[in-house]
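Colleague: Residue-level listing of the chains:
2 protein chains.
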Amino acid sequence: MQIVEPLQKVIEELSKLPSIGRKTAQRLAVYLLKKDLAEVELLVNSILELKSKIRFCKNCFNLSVDDECEICKSEKRDHSIICVVEEVSDVIAIEKTNEYNGLYHVLGGVLSPLNGIDVESLKIKELLTRLTIENSKEIILALNPDTEGETTSLYLAKLLRPFGIKVTRIARGLPIGGDFEFADEATIGKAVQNRSLI
Amino acid sequence: MQIVEPLQKVIEELSKLPSIGRKTAQRLAVYLLKKDLAEVELLVNSILELKSKIRFCKNCFNLSVDDECEICKSEKRDHSIICVVEEVSDVIAIEKTNEYNGLYHVLGGVLSPLNGIDVESLKIKELLTRLTIENSKEIILALNPDTEGETTSLYLAKLLRPFGIKVTRIARGLPIGGDFEFADEATIGKAVQNRSLI
Chain A
1 MQIVEPLQKV IEELSKLPSI GRKTAQRLAV YLLKKDLAEV ELLVNSILEL KSKIRFCKNC
61 FNLSVDDECE ICKSEKRDHS IICVVEEVSD VIAIEKTNEY NGLYHVLGGV LSPLNGIDVE
121 SLKIKELLTR LTIENSKEII LALNPDTEGE TTSLYLAKLL RPFGIKVTRI ARGLPIGGDF
181 EFADEATIGK AVQNRSLI
Chain B
1 MQIVEPLQKV IEELSKLPSI GRKTAQRLAV YLLKKDLAEV ELLVNSILEL KSKIRFCKNC
61 FNLSVDDECE ICKSEKRDHS IICVVEEVSD VIAIEKTNEY NGLYHVLGGV LSPLNGIDVE
121 SLKIKELLTR LTIENSKEII LALNPDTEGE TTSLYLAKLL RPFGIKVTRI ARGLPIGGDF
181 EFADEATIGK AVQNRSLI
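So the sequences go chain by chain: A and B.
When the letters of the first sequence are read in order and numbered with my numbering, they come out as residues 1 to 198.
When the letters of the second sequence are read in order and numbered with my numbering, they come out as residues 1 to 198.
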């Protein structure tokens with residue numbers, strides 16, 4: 001027996017989502033089937049609004065409902081520091097820490113020639129333009145500590161040098177709650193290299 | 001900083017789904033945000049169609065697009081056997097095995113007085129009506145082997161006795177690929193009790 005067609009279709013669509021396998025998709029579909037129409041409509045409408053209402057900030061390419069995002073508009077933030085990140089989800093992750101009070105710049109990815117992502121596909125030109133306008137004092141590179149992130153960081157550092165601005169990168173070391181036993185050599189090496197006085 | 005409102009709303013709605021935590025909800029929401037509108041609409045429309053097109057089979061309460069489900073309508077199925085299950089997802093699970101060729105009856109739950117689910121809330125009356133019409137020869141009770149499922153099975157077995165029909169239950173034993181070491185005593189006990197000749 002085939003699963004009844006409208007259910008089958010939802011399962012297929014849900015399986016396309018990241019980290020949702022077929023079993024989870026089926027459970028979710030059956031759950032939605034049982035829920036009141038009103039509750040399901042809340043979900044569906046929130047997704048449609050997401051697509052219609054959100055755009056990208058014209059300065060930093062963070063998510064926004066206006067031309068400029070809340071962070072760029074805020075006078076409480078330090079406009080002399082720009083933290084360069086890969087994706088909007090990284091902005092959310094850093095904001096959650098409450099440790100950073102500067103601005104952001106979302107690149108929209110990292111350099112990855114094999115996947116066809118080159119300098120032109122990232123918001124690098126826009127970053128350089130901002131530097132001349134905003135009188136930035138420091139650029140923090142907060143890209144993922146993997147090969148592509150490192151390559152992009154080094155590329156950006158070289159590119160930013162002529163501007164005479166302080167360029168820093170986020171620390172690499174053992175994660176809080178981590179354990180030597182499970183850390184790889186590269187991480188432990190960086191953690192020793194980047195040790196600090198306590 | 002608050003996450004921008006339309007995104008926040010989608011994250012909240014997605015977190016309400018079973019087995020979706022806040023982190024997964026956020027990842028899904030950002031994924032949807034990046035996807036083309038057309039692809040997101042495919043998902044959204046499939047969900048809306050699920051709600052508008054699917055109803056329950058008038059005989060067995062399985063999912064259906066018509067009055068009667070494909071299984072009840074099929075002449076290839078053995079109409080003299082009815083397999084009683086808890087939920088529509090159990091029908092899908094059993095159908096996937098390709099081991100069963102009879103009909104189903106979806107109870108819509110199991111007896112659970114503490115949660116207010118009594119005989120009246122389940123499709124038990126409807127099952128009894130079917131027996132008189134369909135000339136059934138065997139009822140297979142395929143409820144979950146937990147306390148509530150067992151209670152419901154015993155209740156149904158007692159109720160069905162006067163009809164003079166063969167009432168069976170699915171086997172309880174060690175799962176395929178399972179391991180004695182990880183099985184509980186009750187399961188091992190049942191597996192020994194219900195041993196069969198090979």
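Derived by calculation from the structure, the hints in this document are not laboratory data.
Watch out, some of these pointers could steer you wrong.
Because identical chains share one entry, a pair is satisfied inside a single copy or across any pair of copies.
[Unchecked claim] Calculated pairs, BS3-like style, for lysine-lysine (alpha carbon to alpha carbon, straight line, at most 30 Å): (1) 23 / 123; (2) 58 / 190; (3) 34 / 51; (4) 166 / 53.
Colleague: Next step is simple, just say for each hint if it's right about the structure.
Modeller: Each hint tested on the structure:
no.: 1; hint: 23 / 123; result: between (38 Å within a copy, 26 Å between copies)
no.: 2; hint: 58 / 190; result: neither (36 Å within a copy, 66 Å between copies)
no.: 3; hint: 34 / 51; result: both (26 Å within a copy, 9 Å between copies)
no.: 4; hint: 166 / 53; result: neither (36 Å within a copy, 61 Å between copies)
Checked against the numbered hints above, the structure breaks hints 2, 4 and satisfies the rest.
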